[in-house]
Amino acid sequence: MPKLNIQDLEEIRKKVRKAALLREGISNAKITVHMGTCGIAAGARTIMNTLIKIVEESGRDDVIVTTSGCAGFCSREPMATIELKGETPVKYSDLTKEKIIKIFEEHVLNGKIVEEYALALGSEREP
Amino acid sequence: MAYRTHLMVCTGTACVSCGSFKIKELLEEEIKKQGLDDEILVVGTGCQGFCAQGPIVVVQPDDIFYQLLSPEDIPYLVEEHFLKGRPVKKMMYTPPGEKTHIPTVNEIGFFNKQRLIALRNKGLIDAEKIDDYIGRDGYNALIKILTAMTPEDIINEIQKSGLRGRGGGGFPTGIKWEICKKSEEFPKYIICNADEGDPGAYMDRSIVESDPHAVIEGMLIGARAIGAEQGYVYIRTEYPLAISRLEIAIEQAREYGLLGEDILGKGFNFDLEIKQGAGAFVCGEETSLIHSIEGISPEPSQRPPFPAESGLWGQPTNINNVETWANVPRIILRGADWFSSIGTEKSKGTKVFSLVGKINNTGLVEVPMGITLREIIYDIGGGVPNGKKFKGVQIGGPSGGVVPASLIDLPVDYEKLTEVGSMMGSGGMVVVDEDTCMVDLSRYFLEFTSDESCGKCTSCREGSSAMLEVLTRITEGHGKEGDIEFLEELGYAIKDASQCGLGQTLPNPVLSTIKNFRHEYEAHIKDKKCPAHVCKALIDFHIDADKCVGCTVCAIKCPVKAISGNRKEVHIIDQSECIKCGICKTVCKFDAVTVE
Ligand SMILES: Cc1cc2nc3c(=O)[nH]c(=O)nc-3n(C[C@H](O)[C@H](O)[C@H](O)COP(=O)(O)O)c2cc1C
Ligand code: SF4
Ligand code: SF4
Ligand code: SF4
Ligand code: FES
Ligand code: FES
Chain A
0 MPKLNIQDLE EIRKKVRKAA LLREGISNAK ITVHMGTCGI AAGARTIMNT LIKIVEESGR
60 DDVIVTTSGC AGFCSREPMA TIELKGETPV KYSDLTKEKI IKIFEEHVLN GKIVEEYALA
120 LGSEREP
Chain B
0 MAYRTHLMVC TGTACVSCGS FKIKELLEEE IKKQGLDDEI LVVGTGCQGF CAQGPIVVVQ
60 PDDIFYQLLS PEDIPYLVEE HFLKGRPVKK MMYTPPGEKT HIPTVNEIGF FNKQRLIALR
120 NKGLIDAEKI DDYIGRDGYN ALIKILTAMT PEDIINEIQK SGLRGRGGGG FPTGIKWEIC
180 KKSEEFPKYI ICNADEGDPG AYMDRSIVES DPHAVIEGML IGARAIGAEQ GYVYIRTEYP
240 LAISRLEIAI EQAREYGLLG EDILGKGFNF DLEIKQGAGA FVCGEETSLI HSIEGISPEP
300 SQRPPFPAES GLWGQPTNIN NVETWANVPR IILRGADWFS SIGTEKSKGT KVFSLVGKIN
360 NTGLVEVPMG ITLREIIYDI GGGVPNGKKF KGVQIGGPSG GVVPASLIDL PVDYEKLTEV
420 GSMMGSGGMV VVDEDTCMVD LSRYFLEFTS DESCGKCTSC REGSSAMLEV LTRITEGHGK
480 EGDIEFLEEL GYAIKDASQC GLGQTLPNPV LSTIKNFRHE YEAHIKDKKC PAHVCKALID
540 FHIDADKCVG CTVCAIKCPV KAISGNRKEV HIIDQSECIK CGICKTVCKF DAVTVE
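Protein sequence lines, in the order shown, are assigned to chains A and B. So that you can map any letter, position 99 of the first sequence is 98 in numbering that gives the first Met the number 0, and since no number is skipped, the others follow by simple counting. So that you can map any letter, position 395 of the second sequence is 394 in numbering that gives the first Met the number 0, and since no number is skipped, the others follow by simple counting.
Some hints could be false.
As the list claims (entries may be wrong) - Short, incomplete list of chain A residues facing chain B, as computed with Cβ under 8 Å:
#, residue
1, N4
2, I5
3, L118
Just so you know, these hints were derived from the structure itself, not from any lab. Ideal Cβ placement from N, Cα and C applies to all residues, glycine included.
Modelling step: build the complete structure from the supplied sequences, incorporating the hints.
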């Protein structure tokens, strides 16, 4: 490793920034893939793998991809919830690789909900 | 590679000793087994502060806190949480006496009242990766001072911030730097004091283990300000993990050209060397430490001259504590105004304390100056265990004093602690409850300091043994009228006549307990009683005839067979045989054994 100048140091910082933000839990968008037993059976892992790939390709370092358990709606798996900062979460169902790519581009990157795939607005809470 | 989840496994000294390296290895294995190894990254961090709960894993970005993990937990944890997305409740933290678990770090009282400056990277970076530090603003302050600040600017900023030494004395850091800068003698040296000799304290170890680059960057800034090109970190040999992390950090900083010549191409030269300390308590005193680096016998010498004028090898030397150094980069980056907005009038910023003793949440906490003892002990520390009564807190280690329970609302800063006969010291806090005998506690600290006295001054050497003798006599039941006054008189004399801080402070625990708990000394001396039932010579065990059902358990368990009695009949203790081990009291299920 050659000695760094100030620019090199800034380059390194840019490269590792995403990991730092992720550890601090700082994000502008959070994508939750539901990983219940039937979700996994229906292909939730493919959705997860695709997401990780496209998030990285997009260069966005403020998007978090996480998992949660069963969403209680087996027939509509795989499902994912997208929550942009300060907005209501949106649940998408019956996902495929193509659908999640479209959702990512339109909803996460451009802020437009893909209504044709959306299951419900909001995420149910305990009463 | 982009990972969706980072598992921050604590690999600080305490967690390592409970097997956290094994936990880390198993996590990696199981994650691989489940095919998740390109989604989930396992990271080893330094101490996360909540050492009593180790091994600890924090899941980011979800902030979920898993604790007291054992190797058997790991396959289930990986499958449930990381494969199926179902966080595992039973491995989460449940506060003592409560039933519901708390899932995230942010909701746990121990963490959420803290304010992190010196420990800001704890649990967030792998201390062995310089890039992790850089990702969290690391070496940004260095860029700032090399491009936009003169040495005078740096010193002004540190002075304005109000930063004071965290190693015990509380001397204003900026003023110390300025004195050293003014000297025209070259070369100059800077030293980081990581000797940390207070028994039970480990804040400096923890900073070095979790964030060694913060110390290095702080030293770079100090060196630039005063004009030094060589620095030393003096660290005790008993800290192998901290030493190894620091070695790695120095190596990586050299590779990046952040240590060495022409740093960042700005014509600034500075390098660092580690010196391992022999471990005696007095070696932490600055003049003694300097002697130790020079390879001569580590005895304190007369000040003045202060090290800033004539220190290492007779050259101007600036010495600061680990925590002091770790604060410096943040002050430079965020500004003196930000720093001085935290804290009290004369004590700015935060302080790291190690919270130990009779407290539910033992560990390391960083809190703003001016926080009350109540907040530290109850909100963060979770109070005193087993429903016992809080009696006081010994602050400042063997040089400090006890703050009694009546002062629980005292705001913690340098001045307030000194006012009540205690001191900030390096930040050791030992909580004591009703079962702690204050005479015995002072005896314990004095035993330590009298043992550690280097013997150069008669007052410190002879005075401490004389005090220890009297204290021992009192705890053994042979206290005499006039002992208290003798201890006070001798204590003040030692403070006045001793040359270094060790002698000047060693009477503090005794003086402060006499001041606040005089009745306990009197009970030992006049009534021959130990109110806390600790001093063996002053207590007797008895069996309450009304409560004893004659179950025989105590008679069977007594190691010296001092208890006699037939089954279903009241038992009796033979006082001449009893060695006061207390076992009978512990084993009796009927509460029939009493102490007097
Ligand atoms: C007996 C004795 C032991 C000391 N031990 C330490 C120590 O372990 N670590 C430390 O930083 N300072 C210790 N000090 C204080 C140092 O002498 C010195 O004041 C300090 O390192 C200065 O750094 P600061 O201004 O950043 O606090 C000790 C002082 C005395 C009298
Ligand atoms: S006060 Fe005690 S430790 Fe300090 S120089 Fe004197 S004898 Fe040594
Ligand atoms: S254990 Fe308690 S109840 Fe049983 S014989 Fe001893 S004192 Fe009596
Ligand atoms: S205190 Fe110990 S030695 Fe004494 S009677 Fe009880 S068990 Fe026996
Ligand atoms: S497992 Fe998917 S809805 Fe129940
Ligand atoms: S060593 Fe793990 S929390 Fe302190």
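Hints, verified against the model:
A distance limit of 8 Å between C-beta atoms decides the matter here; for N4/A the minimum to chain B is near 5 Å, and the interface restraint holds. Interface restraint check: I5/A against chain B, minimum CB-CB distance 5 Å, threshold 8 Å, status holds. Given hint, L118/A at the interface with chain B, is violated; its Cβ is 18 Å from that chain's nearest Cβ, farther than 8 Å.
Of the numbered hints listed earlier, the single one contradicted by the structure is hint 3.
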